[in-house]
Amino acid sequence: MKSSVLHTEKLCKTFSNSGIQQHVIKNLDLEIHKGDFTVIMGSSGSGKSTLLYALSGMDKPTLGKVYFGDVDISGYSNDELAVFRRKHCGFVFQSIYLLDNMTVFDNVMTAALALQKNSPELVRKAEELLRKVGISEETWKKYPNQLSGGECQRVGIVRAVINEPQILFADEPTGSLNSASSFDVLDIFTELHGKGQSIVMVTHDVKTAMRGNRVIFISDGAVVGEYEMPPYGTDDIKKRRDGLQSFLDRMGW
Amino acid sequence: MTAMGKIIRLSLANIKKHKFEAVSLTLLVMMCMLLIGSSLSSSVGIKAIFQNVMEKTGSYENFILILEKNYDKEYLNILKEYPQVEKVDAVEFIYSMNTNYLDEQGKEQALTLGFITADNNARLESSPIETTLSDEEIAALEHPIFMPYTMQDTMEYNIGDTFDMIYGTRRFSFTVAGFYETMLFSTVSDGLKMIVSDADYHILKSVLTRYTVIAYNDNWGEGGFELAQSFMDECEAYSNCDVKGNMIFYPFKDMEYYINSSAEMVLNIMIAMAVVIIISVAVMIRYRIAGDIKEQIVNIGVLEALGYTSKEITFSYVLEYLLISAVGVLIGTGGCFLLTPVLLRMGELMTEHRGCGDAATLPIFLTGLGILVFVGLIALIRAGMVRNYPPVRAFRKGQGDHRFGREHFPLRNTKHSVHLRLALKAFVQNFRQNLGLTICITISAVTVVFSFIVFNFFNSGLDAICATAGMEMSDLHIELMPYADATELAEELEQMPEVRKATPTSGYNVFVSISDFNNEVMIPMAFSDFAVTENIFPMEGRFPEHDNEIMLTSQFAKVKNVRTGDSLTLEHLNVEKSYIVSGIVTSSVNGGVNLYITEDGMKRLVPTYHHDTIELYLEDGVDTESFRNVLTSEYGRSLSDASKGGSGTGSYEERIRAEAEQQIAELMATYGVTHIEYSIQTGDTVISGNSSGFLISAITDMKDVLQTQLGGLVVAVRIVTSILMALSAVVVMIILFILMESAIRRDRKEFGIMKGLGYTSHELMFQLACRIVPSAVISVIAGTAIGVTATGLLTSFIGVVRIDMPRVIVLDIVMLIFCFVCAYIGARKIKRISVYELMTE
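Going down the list, the protein sequences come from chains A and B. Counting in this note's numbering, the final residue of the first sequence is number 282, and the numbers go up one at a time with none missing. Counting in this note's numbering, the final residue of the second sequence is number 854, and the numbers go up one at a time with none missing.
Don't take every hint at face value.
[To be verified] Below, computed lysine-lysine pairings styled on BS3-like, alpha-carbon distance capped at 25 Å:
| hint | chain 1 | residue 1 | chain 2 | residue 2 |
| --- | --- | --- | --- | --- |
| 1 | B | K762 | A | K171 |
| 2 | B | K762 | A | K170 |
| 3 | A | K171 | A | K146 |
| 4 | A | K170 | A | K154 |
| 5 | B | K86 | B | K218 |
| 6 | A | K116 | A | K63 |
| 7 | B | K82 | B | K616 |
| 8 | B | K428 | A | K171 |
| 9 | B | K844 | A | K94 |
| 10 | A | K170 | A | K146 |
| 11 | A | K89 | B | K762 |
| 12 | B | K428 | A | K116 |
| 13 | B | K844 | A | K116 |
| 14 | A | K31 | A | K224 |
| 15 | B | K60 | B | K266 |
| 16 | A | K170 | B | K428 |
| 17 | A | K39 | A | K89 |
| 18 | B | K218 | A | K89 |
| 19 | A | K63 | A | K39 |
| 20 | A | K171 | B | K307 |
| 21 | A | K154 | B | K428 |
| 22 | A | K31 | A | K94 |
| 23 | A | K161 | A | K94 |
| 24 | B | K30 | B | K324 |
| 25 | A | K39 | A | K55 |
| 26 | B | K307 | B | K844 |
| 27 | B | K266 | B | K100 |
| 28 | A | K146 | B | K307 |
| 29 | A | K89 | A | K170 |
| 30 | A | K116 | B | K762 |
| 31 | B | K307 | B | K29 |
| 32 | B | K844 | A | K89 |
| 33 | A | K170 | B | K307 |
| 34 | A | K267 | A | K224 |
It should be emphasised that the hints constitute simulated quantities derived from the structure, not laboratory data.
Can you make the complete structure from the sequences, with help from the hints?
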């Protein structure tokens with residue numbers, strides 16, 4: 030029996046604009062298991078990104094609850110959520126969002142120092158992680174506008190995992206990358222998952238989704254299907270792709 | 014759409030988008046407009062006061078007061094011989110620096126007063142009397158008195174009120190019958206000329222010092238000081254007695270200067286404050302445009318791609334700030350029309366004259382125009398940077414292909430707080446903008462430090478002011494009769510248990526001049542031994558010890574470029590002696606013409622010299638007022654005689670004695686009689702007496718005099734400095750609010766990302782506030798250094814203002830905290846940045 034790292038109870042998210050209300054997430058009950066690579070899929074506008082941000086404490090739910098372990102974070106203030114994020118979460122974004130006015134290394138350290146005190150170990154850890162994702166030492170002092178998209182996203186991943194978050198959230202992490210860069214980035218995610226990292230990723234790309242071991246399909250703000258697979262690399266790729274495709278076909282993908 | 018239409022649309026859109034900053038800038042421009050416009054406008058009116066009062070009063074242009082006993086009618090003929098002199102007259106006048114009046118609470122306050130009859134006054138000036146009483150009502154008054162307007166304006170006397178003048182223990186009550194404008198003796202600090210009835214004048218004449226006022230016109234001051242100096246020399250040569258030392262000169266130019274300068278000082282301070290604001294406005298505009306271009310750079314690229322020229326975009330910025338400034342200028346102009354009459358009235362109160370001209374409108378409009386041109390130019394120069402961003406570069410957010418900038422404060426070296434490190438990084442990255450901020454805060458800090466020092470100095474009471482007086486500030490300043498032996502009386506007084514110390518010194522009866530400086534008249538402060546003085550502090554050199562040494566004031570030394578060790582020649586009645594300057598002393602009284610000399614030094618120049626004054630220091634807890642009465646009854650019967658004699662009370666013998674003493678007092682005051690003995694036989698009784706108890710001619714509480722003379726100034730300085738400090742604080746606050754608002758808008762994305770990484774709003778607010786700390790620290794240190802130096806320079810001519818450095822340091826800390834708190838509060842909008850909004854934009 031897998032333990033739960035995050036779960037929701039009747040989660041709702043509604044947006045209001047000029048008096049018109051749009052219910053994006055509707056009474057959603059969901060459980061994210063520890064050590065899982067959970068992939069959230071769905072068509073455009075289905076509410077997958079909104080769900081990710083509500084789960085991660087980036088945004089507050091309109092109604093319902095989000096539990097991190099046994100702690101309800103849905104009533105947290107913005108600053109409490111910020112502290113929650115820095116302690117427990119890591120984020121990788123489609124638009125990467127590196128700090129343009131900081132070097133590669135400082136981008137990583139900005140996240141690290143939000144939680145930890147500076148120490149030679151921390152610096153060493155940042156260096157190791159950067160090397161591990163293929164960012165060479167001569168790149169560390171470069172600024173984001175001097176890097177390729179793939180390099181930027183790899184720096185983004187290092188920034189997300191430097192604090193060893195209990196859960197790593199990724200919103201279309203390969204959305205703005207070419208296929209070669211995407212492959213490299215996904216390999217990093219797979220490796221992290223292999224080491225027991227809990228990951229929740231939103232994507233609309235089947236190749237990306239194949240990296241997960243659990244796929245949740247959302248439609249119109251509600252979970253309409255779920256598909257489980259063995260960890261990536263432990264089974265036959267073709268069989269894996271066919272199984273996932275078949276699930277998605279059933280979901281009307 | 015026409016090009017102009019496009020520009021206007023862009024400008025309005027920008028203003029709408031940045032409402033807070035637009036309002037803040039409007040406020041600054043408005044304040045600037047208000048200060049400069051109303052100052053310049055009222056300055057024209059205030060400068061007209063002197064001219065208006067001269068015309069209104071038809072006054073003589075120059076006055077010389079000379080002791081009646083030293084006056085000779087021939088002096089008028091001497092004066093008439095000067096070609097510049099057009100009109101001459103001489104009238105009687107009585108005057109004393111030792112008079113008091115009873116204030117509202119019935120407490121005695123020092124006030125220098127002069128008295129003149131209506132006829133004599135009409136010979137000096139022809140100002141109309143303002144009164145609500147009819148001639149019959151005035152005639153019915155027992156003791157009517159007509160006062161200068163300042164008594165109504167600053168001391169709030171009204172027609173029908175009682176005015177009590179105190180001289181010694183004698184009280185003279187008058188009823189206020191009207192007010193009038195005057196040039197001579199028209200201010201509380203110089204003294205006030207009161208018009209009284211002939212009968213009252215006659216009574217006062219036997220008590221107060223009699224002078225002759227020589228009045229003359231010399232074509233609006235054309236003759237100047239040289240004419241007066243030459244005239245006095247001729248008078249002295251004619252009479253062969255010390256005329257110069259007993260003359261008080263009120264030249265045209267001095268009267269004009271004092272009337273104009275007192276009000277102009279406030280107006281100049283206001284203009285200086287406005288300059289601080291306009292510099293801040295310029296820095297803010299530069300900062301805002303730079304920030305806005307950075308924020309809007311992609312949009313600028315899009316606009317350029319759509320066909321907008323960089324010139325059109327530049328002009329849209331210029332128009333934006335012109336529109337904002339125009340609103341500020343318009344509101345400020347309205348404010349000017351409201352504030353100017355207030356300033357004009359303030360000018361009248363400060364100059365103690367009624368006669369302001371009308372508010373001038375041209376300076377207001379020129380100020381408005383000047384501000385708009387200035388703002389337009391600043392905006393044009395700064396917004397011109399748009400042309401450096403062609404579309405492709407703008408799409409790349411203005412960055413070139415490569416970045417070779419040096420990395421500052423790398424986070425791997427963080428030792429303490431990451432927030433401080435990030436703040437320092439941001440400070441260095443925005444160095445040029447922070448330089449502007451540093452300039453703004455520095456200017457404000459200079460204003461605050463200067464105002465604080467002056468405020469603190471005046472707020473610490475008269476003790477601080479007395480400490481810079483450069484003269485003894487005893488409890489009682491006792492002037493003796495000419496025949497009295499000061500040393501003997503001082504020894505006698507020191508035996509009294511209430512007396513701590515009695516120091517014989519010189520009064521204002523003998524003056525000397527310095528031959529090296531065009532015979533400039535000096536007031537000797539002579540002591541047998543300067544070691545006994547308590548309030549004279551040499552700032553350079555030492556006290557005079559030998560009979561050929563003198564000490565001068567710092568003001569005099571600076572103006573005349575005299576240094577310790579220099580040799581000067583003193584002159585008195587054509588006798589000249591050389592003296593060495595042994596030291597320099599601070600002195601804020603008598604315009605710096607005090608001359609410190611030993612008793613022997615004085616005797617070398619004036620062989621007949623002897624001390625004629627005693628500075629009396631009382632033991633703690635002794636009531637000054639009561640002890641003054643004791644002294645008056647014991648040694649100063651010349652002061653109290655008439656009150657007893659005129660009362661008509663007491664026994665027959667007492668009344669005879671009182672009458673005799675009144676006669677003695679009159680003989681001594683009028684004819685300079687030095688000793689009188691009398692015996693009166695009435696029936697079998699012989700009533701005898703002499704003038705041995707008539708040693709004291711006047712007793713003054715110098716602190717009281719200072720209180721009256723400086724009271725108004727102290728209040729005015731406190732108000733002006735408080736306003737300056739508050740205004741500087743408001744300016745700094747607005748600047749920091751604008752700065753924070755712009756920084757948040759410009760770095761919105763970065764802050765959103767950092768929020769996403771787990772930085773709380775308060776941590777980011779702290780970071781933002783920390784960004785200004787280096788600027789604030791540099792500014793406060795520089796501001797303090799400049800402020801302290803400026804205070805020293807500006808006040809060195811009136812004496813040394815003691816700078817309380819510990820308090821200034823506390824002020825610096827308060828300024829730093831204030832800047833930090835303002836920046837922190839200004840950064841509160843960071844709370845509104847939602848991470849989700851950032852992710853989904």
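Each hint, compared with the structure:
no. : hint               : verdict
1   : B:K762 with A:K171 : holds (20 Å)
2   : B:K762 with A:K170 : holds (21 Å)
3   : A:K171 with A:K146 : holds (24 Å)
4   : A:K170 with A:K154 : holds (16 Å)
5   : B:K86 with B:K218  : holds (20 Å)
6   : A:K116 with A:K63  : holds (16 Å)
7   : B:K82 with B:K616  : holds (24 Å)
8   : B:K428 with A:K171 : holds (22 Å)
9   : B:K844 with A:K94  : holds (23 Å)
10  : A:K170 with A:K146 : holds (21 Å)
11  : A:K89 with B:K762  : holds (20 Å)
12  : B:K428 with A:K116 : holds (21 Å)
13  : B:K844 with A:K116 : holds (20 Å)
14  : A:K31 with A:K224  : holds (16 Å)
15  : B:K60 with B:K266  : holds (14 Å)
16  : A:K170 with B:K428 : holds (19 Å)
17  : A:K39 with A:K89   : holds (13 Å)
18  : B:K218 with A:K89  : violated (92 Å)
19  : A:K63 with A:K39   : holds (21 Å)
20  : A:K171 with B:K307 : holds (21 Å)
21  : A:K154 with B:K428 : holds (17 Å)
22  : A:K31 with A:K94   : holds (21 Å)
23  : A:K161 with A:K94  : violated (37 Å)
24  : B:K30 with B:K324  : holds (21 Å)
25  : A:K39 with A:K55   : holds (7 Å)
26  : B:K307 with B:K844 : holds (22 Å)
27  : B:K266 with B:K100 : holds (17 Å)
28  : A:K146 with B:K307 : violated (33 Å)
29  : A:K89 with A:K170  : violated (36 Å)
30  : A:K116 with B:K762 : holds (22 Å)
31  : B:K307 with B:K29  : holds (18 Å)
32  : B:K844 with A:K89  : holds (15 Å)
33  : A:K170 with B:K307 : holds (23 Å)
34  : A:K267 with A:K224 : holds (24 Å)
Hints 18, 23, 28, 29 from the earlier list are contradicted by this structure; the remaining hints agree with it.
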